[in-house]
Each structure stands twice: as C-alpha cells, then as structure tokens.
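Using the hints, position chain B against chain A.
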Amino acid sequence: MLDAFSRAVVSADAKGAPIGSSDLVALRKYVADANKRIDATLAITQNVSCIAADAIAGMVCENTGMTQPGGNCYPTRRMAACLRDGEIILRYISYALLAGDPSVLDDRCLNGLKETYTALGVPIAGAVRAIGIMKAATIAIMTETNSGRKMFDGINSGSGAECQEIAAEAASYFDRVINAIS
Amino acid sequence: MKSAVTTVVTSADAAGRFPSASDLEAVKGSFDRAAARMEAAEKLASGIDKVTADAVDAVYQKGSYDQANKDKCARDIHHYLRLINYCLVTGGTGPLDEWGIAGMREVIRAQLLPTAAYIEAFAHIRDRVCIPRDMSPQAAAEFKALLDYLINALS
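Sequence order for the protein chains is A and B.
Numbers 1 to 182, taken from the numbering used here, label the letters of the first sequence in order.
Numbers 1 to 155, taken from the numbering used here, label the letters of the second sequence in order.
Next up, chain A with everything else stripped away, as it sits in the complex (with noise of 0.2 Å):
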C-alpha cells in the first residue's frame, strides 16, 4: 500500500536519484491541503449509512424486480449483502482519499472484484448504478451542494466550496471502481 508520499519515493527509487525540490512541489500542496483531505474524509465518514443505503435504495427503485422473487436482491440475506458491499467499497474510498493514493482501493477492494461478481452473478449494471449514485452523494455532501443538512455548517463554514478539488479526487476513486467492475 502507498500513500502520496510512499509513491513519490518509489518512483524516485525507480531513477536511483534523491526527492529534490521539484518533486516535493506536488507533495507539498498535498500537505498545505492537508485540512480539506480531512473534511472531506469526514464527509464519507460521518455519512455511511446514508451515502450506502440511499444508493442501493436508489438502484432497488429502479429495479423493482430485483426484490421479488427471483430478482438478486431477493430474499432480504442477499440485499443486505449488497447493502455491505456498498459499505466495503465506500471505506476502501475514504482510505484512498486519505492515503491521497488509489493502491490501497486496488490492491485490497478492486483486485479481482470482477471476477467475483460475475462468479457470484451479480448483476454488474446494478451494481455501477449504485456506485454511480453514491458517487454523486459523496461529492454533493462534500461540496455541500446537497440539499437538506450541509455538512460543515456552523463548525467549519465555507469548507464546502473549498472541497472542490479534493471532491473531484474522490470522484476519480468512484470511476475506478465503475471502470474495474464494468
């Protein structure tokens, strides 16, 4: 597992040559953006209930076959799989972001996800949809362009808007899992 940090050493180690200035410019942003990271972390953290069950709620309603019998959300053992499977791949988003690193999310999440899905018959269209939602609820609470409760009022007001950037990092975490399971 690599974080920001780790891979900028690795790929330094790769040349035999010492981290000098011009490859501590990036790690050093990383650093300076160290608070926004951590907000946006929280942002899945303190939400994971709502971002997992909404989404796999979100897909059922679309499907409504799936919970009848015969449907793969059918009986309520194999939703409920479905709904940690939602669980899984959020945490292993929130350590990639935090990592600033996608290793953690392939080597322990994505690495052979595919497979077991087709093994497991798991209709791979669902599942991209429900990640797909989540997706868009993660970056909405992160940005606090969601509607309802925003997430840093009155504790840390404005952080929101300042979450772009690392909004769109954890969206590229999302099309990850999308592009590996697709």
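Be aware that a few hints might be false.
As the list claims (entries may be wrong) - Below, simulated BS3-like cross-link-like pairs (lysine-lysine); rule was C-alpha separation at most 25 Å, straight line:
| # | chain 1 | residue 1 | chain 2 | residue 2 |
| --- | --- | --- | --- | --- |
| 1 | B | 72 | B | 62 |
| 2 | B | 144 | B | 72 |
| 3 | B | 50 | B | 144 |
| 4 | A | 29 | A | 15 |
| 5 | B | 28 | B | 50 |
| 6 | B | 2 | B | 144 |
| 7 | B | 50 | B | 62 |
| 8 | A | 36 | A | 150 |
| 9 | B | 28 | B | 144 |
| 10 | A | 36 | B | 144 |
| 11 | B | 70 | B | 50 |
| 12 | B | 28 | A | 15 |
| 13 | B | 2 | B | 28 |
| 14 | A | 29 | B | 28 |
| 15 | B | 50 | A | 15 |
| 16 | B | 2 | A | 15 |
| 17 | B | 28 | A | 36 |
| 18 | A | 29 | B | 2 |
| 19 | A | 150 | B | 28 |
| 20 | B | 62 | A | 15 |
Please keep in mind that the hints were generated in silico from the structure rather than gathered at the bench.
Remember, predicted model here, so these are calculated numbers, not experimental data.
Here is chain B on its own, set in the frame of chain A:
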C-alpha cells in the same frame, strides 16, 4: 511502504472500520511535522554529493587506502543517504527498513565489510549538521534521528 498514513489505514482496514477521529488526528499530526521533514529532504537532496564526499574524506584521511575501496564506500554512503532522504519524505523508516536494513547484516558478514567505517561516516555527517546554516532545528532533528537509527542498525 510504511508511513504515517499507511499505518493508520492498515489498522483501520484490519478492524474493518472507517478512519476514526483518532486516525484522522494521527494523520493530521504527521502532516504538521511534514514541513520540517520536507525541508530536511530538500536540503539533503541538493547537497547529497557534497555531504557524501565530505564524510568519505573524513573517514579516509587516516592512513593509506585503496582508491577503489574509497569509491565503493562513497557509493554506499550515497545510497544510504538517498534512503534517508526517502524516509524524510514518507515520515517513517519504511524505505531504510525495506531497502537498506533488511538483509544488510547478511551482506556485511558475507562480504567482510567494515561497518565501523560506515558508522564513523554517518556519525561525522550527524555531528557536522549546522543549525541554521544547513537546515532549521526541527529539520535537523528529523535528519539526525534517522542517522542515529541507521547507525544503530549498523552497530
């Protein structure tokens, strides 16, 4: 690769939980120290050849020596300093542990290398760091801690 952030993520993942408030505190703490570490890394990277030459000259000033041996010694010291530069960037001892210290004892024993010379060179570098000419006190503290860590491993 072990660093402040990956340590936190590894333990959170082992417990199957999201990063907790204390995890985020730990990450924040390492970011607060990052400026000093990166300063030390930057200064070391820009002066790495000079620091290496200075240390090797200090070790080889006594008695006669073989130039080929001196060149090899310089190469090794440069290598270890590069790993220290990486450690300063990651904020952990991962690069030194994984690429410098793992298996080092076996190699040293097989090649009959005199570790005393390396220790003397790194001690020389540690004692020569001048505050504030070379780097700030915090940066020097981070740098010296890693030199001590390496000296300890070589001893």
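Hints and how they fare:
1. Between the alpha carbons of residue 72 (chain B) and residue 62 (chain B) the distance comes to roughly 17 Å, so the proposed pair stays at or under 25 Å and holds.
2. Between residue 144 (chain B) and residue 72 (chain B) the alpha-carbon distance is near 24 Å, which keeps this suggested pair within the 25 Å criterion.
3. Proximity of residue 50 (chain B) to residue 144 (chain B) is assessed by CA-CA distance (about 17 Å); at most 25 Å being required, the pair is judged to hold.
4. For a cut-off of 25 Å, the pair hint linking residue 29 (chain A) to residue 15 (chain A) stands: about 23 Å separates their Cα positions.
5. The straight-line distance between the Cα atoms of residue 28 (chain B) and residue 50 (chain B) is roughly 34 Å, outside the 25 Å bound, and the hint therefore fails.
6. For a cut-off of 25 Å, the pair hint linking residue 2 (chain B) to residue 144 (chain B) stands: about 20 Å separates their Cα positions.
7. Distance restraint check for residue 50 (chain B) and residue 62 (chain B): the Cα-Cα separation of roughly 20 Å lies within the 25 Å cut-off, and the hinted pair is therefore satisfied.
8. For the given pair, residue 36 (chain A) sits about 16 Å from residue 150 (chain A) by alpha-carbon distance, which is consistent with the 25 Å threshold.
9. A hinted pair counts as satisfied when its Cα atoms are at most 25 Å apart, and residue 28 (chain B) with residue 144 (chain B) qualifies at roughly 23 Å.
10. Restraint check for residue 36 (chain A) and residue 144 (chain B): the C-alpha separation of about 31 Å exceeds 25 Å, so the hint is violated.
11. Restraint check for residue 70 (chain B) and residue 50 (chain B): satisfied, since their Cα atoms lie roughly 15 Å apart, inside the 25 Å limit.
12. Taking the CA atoms of residue 28 (chain B) and residue 15 (chain A), the gap is about 30 Å. The hint is violated against a cut of 25 Å.
13. For the hint pairing residue 2 (chain B) with residue 28 (chain B), the CA-to-CA distance comes to about 16 Å; that is within 25 Å, so the pair holds.
14. Under the criterion of a C-alpha separation no larger than 25 Å, the hint pairing residue 29 (chain A) with residue 28 (chain B) is consistent with the structure, at around 14 Å.
15. With a C-alpha separation of about 20 Å, the suggested pairing of residue 50 (chain B) with residue 15 (chain A) holds against the 25 Å cut-off.
16. This hinted pair checks out: residue 2 (chain B) and residue 15 (chain A) have alpha carbons roughly 20 Å apart, not beyond 25 Å.
17. A C-alpha spacing of about 11 Å is found between residue 28 (chain B) and residue 36 (chain A), which places the hinted pair at or below 25 Å, so the restraint holds.
18. Of the supplied pair hints, the one linking residue 29 (chain A) and residue 2 (chain B) holds, its CA atoms being roughly 21 Å apart against a limit of 25 Å.
19. Of the supplied pair hints, the one linking residue 150 (chain A) and residue 28 (chain B) holds, its CA atoms being roughly 23 Å apart against a limit of 25 Å.
20. For the hint linking residue 62 (chain B) to residue 15 (chain A), the alpha-carbon distance of about 34 Å lies beyond 25 Å, and the restraint is violated.
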